[in-house]
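These protein sequences, in sequence, are chains A and B. Under my numbering, think of the first position of the first sequence as 1, with each following residue one higher. Under my numbering, think of the first position of the second sequence as 1, with each following residue one higher.
These aren't lab readings, by the way, just hints derived from the structure by calculation. Careful: at least some of the hints might be erroneous.
[What the hints assert, rightly or not] Which stretches of chain B does chain A cover? Using the computed rule of at least three CB atoms under 8 Å from a CB of chain A, they are:
#1 84 to 98
#2 168 to 179
[Said to hold, decoys possible] Below, a sample of chain B positions facing chain A; criterion: calculated Cβ distance under 10 Å:
#3 K119
#4 A195
#5 N255
Heads up, the beta-carbon is just placed ideally off N, CA and C, and yes, glycines get one too.
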Amino acid sequence: MKPRSNWTRRSINFMVMAVSTLSSFIGIAVLVWVLYEIIYRGIGAFNWDFFTKLPTPPGVEGGGLANAILGTVVITALATLIGVPIGLFAGVFLAEFGLRSKLSGPVRFVSNILMGTPSIIIGVFVYAMLVVTVRHFSGYAGAVALAIIMIPLVARTTEDMLNLVPDTLRESALALGVPRWKTTLDIVFKAAKKGLLTGSLLAVARVSGETAPLLFTALNSPYWPGWLNKPTGNLTVTIYNYAMSPYTDWQQMAWGASLLITLGVLFLTLCARFLLQEKK
Amino acid sequence: MMMPAEKSDNLFCSLAGLVDERKTSTTVDSDPSKQAVKISVRNLNFFYGHHQALFDNTIDLFANQVTAIIGPSGCGKSTHIRTYNRIFELYRNQKAQGQILLDGEDVLSPEMNLIDLRKRVGMIFQKPSPFPMTIFENVAYGLRLHYRIGRNELADRVEMALKRSALWDEVQDKLDRPGTELSGGQQQRLCIARAIAVEPEVLLMDEPSSAIDPVATAKIEDLIEALKEKYTIVLVTHNMQQAARVSDYTAFFYNGSIVEFGRTEQIFKKPAMKQTEDYITGRFG
Ligand SMILES: Nc1ncnc2c1ncn2[C@@H]1O[C@H](COP(=O)(O)OP(=O)(O)O)[C@@H](O)[C@H]1O
Ligand SMILES: [Mg+2]
Numbered sequence: 001m002k003p004r005s006n007w008t009r010r011s012i013n014f015m016v017m018a019v020s021t022l023s024s025f026i027g028i029a030v031l032v033w034v035l036y037e038i039i040y041r042g043i044g045a046f047n048w049d050f051f052t053k054l055p056t057p058p059g060v061e062g063g064g065l066a067n068a069i070l071g072t073v074v075i076t077a078l079a080t081l082i083g084v085p086i087g088l089f090a091g092v093f094l095a096e097f098g099l100r101s102k103l104s105g106p107v108r109f110v111s112n113i114l115m116g117t118p119s120i121i122i123g124v125f126v127y128a129m130l131v132v133t134v135r136h137f138s139g140y141a142g143a144v145a146l147a148i149i150m151i152p153l154v155a156r157t158t159e160d161m162l163n164l165v166p167d168t169l170r171e172s173a174l175a176l177g178v179p180r181w182k183t184t185l186d187i188v189f190k191a192a193k194k195g196l197l198t199g200s201l202l203a204v205a206r207v208s209g210e211t212a213p214l215l216f217t218a219l220n221s222p223y224w225p226g227w228l229n230k231p232t233g234n235l236t237v238t239i240y241n242y243a244m245s246p247y248t249d250w251q252q253m254a255w256g257a258s259l260l261i262t263l264g265v266l267f268l269t270l271c272a273r274f275l276l277q278e279k280k
Numbered sequence: 001m002m003m004p005a006e007k008s009d010n011l012f013c014s015l016a017g018l019v020d021e022r023k024t025s026t027t028v029d030s031d032p033s034k035q036a037v038k039i040s041v042r043n044l045n046f047f048y049g050h051h052q053a054l055f056d057n058t059i060d061l062f063a064n065q066v067t068a069i070i071g072p073s074g075c076g077k078s079t080h081i082r083t084y085n086r087i088f089e090l091y092r093n094q095k096a097q098g099q100i101l102l103d104g105e106d107v108l109s110p111e112m113n114l115i116d117l118r119k120r121v122g123m124i125f126q127k128p129s130p131f132p133m134t135i136f137e138n139v140a141y142g143l144r145l146h147y148r149i150g151r152n153e154l155a156d157r158v159e160m161a162l163k164r165s166a167l168w169d170e171v172q173d174k175l176d177r178p179g180t181e182l183s184g185g186q187q188q189r190l191c192i193a194r195a196i197a198v199e200p201e202v203l204l205m206d207e208p209s210s211a212i213d214p215v216a217t218a219k220i221e222d223l224i225e226a227l228k229e230k231y232t233i234v235l236v237t238h239n240m241q242q243a244a245r246v247s248d249y250t251a252f253f254y255n256g257s258i259v260e261f262g263r264t265e266q267i268f269k270k271p272a273m274k275q276t277e278d279y280i281t282g283r284f285g
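Whole structure, please, built from the sequences with the hints as guidance.
Right, here's the structure in full:
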């Protein structure tokens with residue numbers, strides 16, 4: 001047998017290195033390009049009016065996206081209020097009580113499927129359930145759609161974070177006579193607090209950029225959100241509508257909205273990162 | 001803990017010597033039949049799924065005595081004591097059969113109130129696991145859970161528990177610091193304080209000093225001596241010197257069965273069973 005030549009080994013090594021380096025550069029370059037375009041084109045839209053005024057018809061000077069900004073914040077907040085608790089308790093079920101239950105397998109399976117479901121399908125589902133039945137679009141339907149997207153995300157991270165808490169801690173609590181539910185809420189939650197908060201923040205970040213589910217539910221509106229019981233302005237659908245329009249001032253607004261959403265998601269992600277690092 | 005490499009018979013003598021040294025301080029009646037039985041175990045079998053880990057364990061534990069449980073790793077020591085407070089029920093597929101009487105009450109019966117049982121039977125684990133709260137809260141938590149008490153009494157009780165677990169001097173200035181900031185040995189004493197604060201009747205200790213340094217171990221051994229005034233103590237240990245030093249009775253477990261049970265000096269000086277002798281002289285294990 002002939003020994004493999006050193007040359008062959010080295011050239012293979014070089015090729016693998018080159019391909020992987022190139023791939024990562026392509027990935028990063030695209031990201032930087034997108035970010036650059038959004039900042040470069042979006043920053044010009046930022047002014048006082050953008051944050052405080054209602055939209056104007058095309059061609060009319062001034063105006064802003066105050067209603068859409070507020071709408072996105074309110075819809076996302078309501079979605080968080082619905083989705084995070086349900087997700088948390090689903091995660092608690094899977095991690096803490098599922099061990100003794102035959103239901104945990106199916107629940108985990110369905111949750112994984114839900115997580116992989118395209119968000120537009122969830123939008124259509126909520127459209128059928130909450131829009132068709134009452135015959136109008138509404139902000140709360142949008143919040144429900146976003147909440148449905150959040151539930152499996154929060155459930156998964158909750159389960160993972162609770163599984164990181166060592167069983168010895170649960171045993172010590174139970175051995176002291178602490179009831180099971182109190183062990184979970186008082187002691188296991190405290191131990192996993194940062195992880196749970198991080199998971200919820202990332203889920204919020206994830207849905208705050210969703211467009212498709214809102215297109216079928218909250219739709220969009222040039223007016224203030226009110227009680228969310230009618231079509232409700234929001235940033236993502238505004239981007240969709242304005243970017244497609246032939247008017248340059250609307251297109252400009254769409255860039256501004258894109259930048260704002262990107263900054264928001266970045267902010268939430270950084271908070272999550274910060275929390276997670278503080279833990280160690 | 002590793003056995004020293006000296007010849008096994010020497011070790012045997014030195015262990016017997018340990019028993020002798022402290023015998024003077026032991027004032028118990030040497031006749032077991034005259035002592036109050038705190039826990040009485042009859043034909044206890046235990047299963048992990050289909051794997052049987054305990055076989056017909058029968059043993060009496062005497063009140064206000066320290067009973068050591070020794071035996072090679074994996075022989076069922078932990079499994080055995082984890083039935084006394086039914087902590088194994090946290091896991092699916094773990095099942096105990098037989099009878100465990102705590103002052104005559106059937107521990108394994110479905111009517112037994114688990115919260116009450118675990119208040120009466122405290123447990124210290126191998127790995128110290130303070131709750132993710134302050135030192136004060138760690139001890140106060142169980143007190144608030146089991147008693148309705150005012151703030152002043154709570155503070156007094158916490159102080160008392162920390163004193164009894166020989167930790168007070170080290171933590172009195174930092175009661176509001178997280179319990180996890182303490183050293184391993186201190187954490188273990190915090191867990192002991194947490195357990196004794198609620199005034200249990202029995203204290204189960206599963207290798208409480210195997211994860212901590214020798215100085216802290218010595219402190220915990222002193223503590224065990226002091227605590228048996230009030231509590232019935234079951235000490236699982238794979239350290240035979242420790243068993244010889246602190247226990248009144250010793251049970252030798254092997255492959256899920258109780259091979260021999262008796263007064264510690266008898267077990268270490270004149271073991272009745274060949275297996276026991278082989279184990280304590282370091283011929284296996
Ligand atoms: N969670 C478990 N699942 C299955 N088998 C276990 C489990 N824990 C312990 N065992 C088995 O039960 C036997 C006794 O274990 P254990 O009580 O932990 O021994 P010891 O405490 O004496 O070292 C061992 O054979 C071990 O493999
Ligand atoms: Mg063990």
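Legend entry - Ascending list of hint numbers which this structure does not respect: 2, 5
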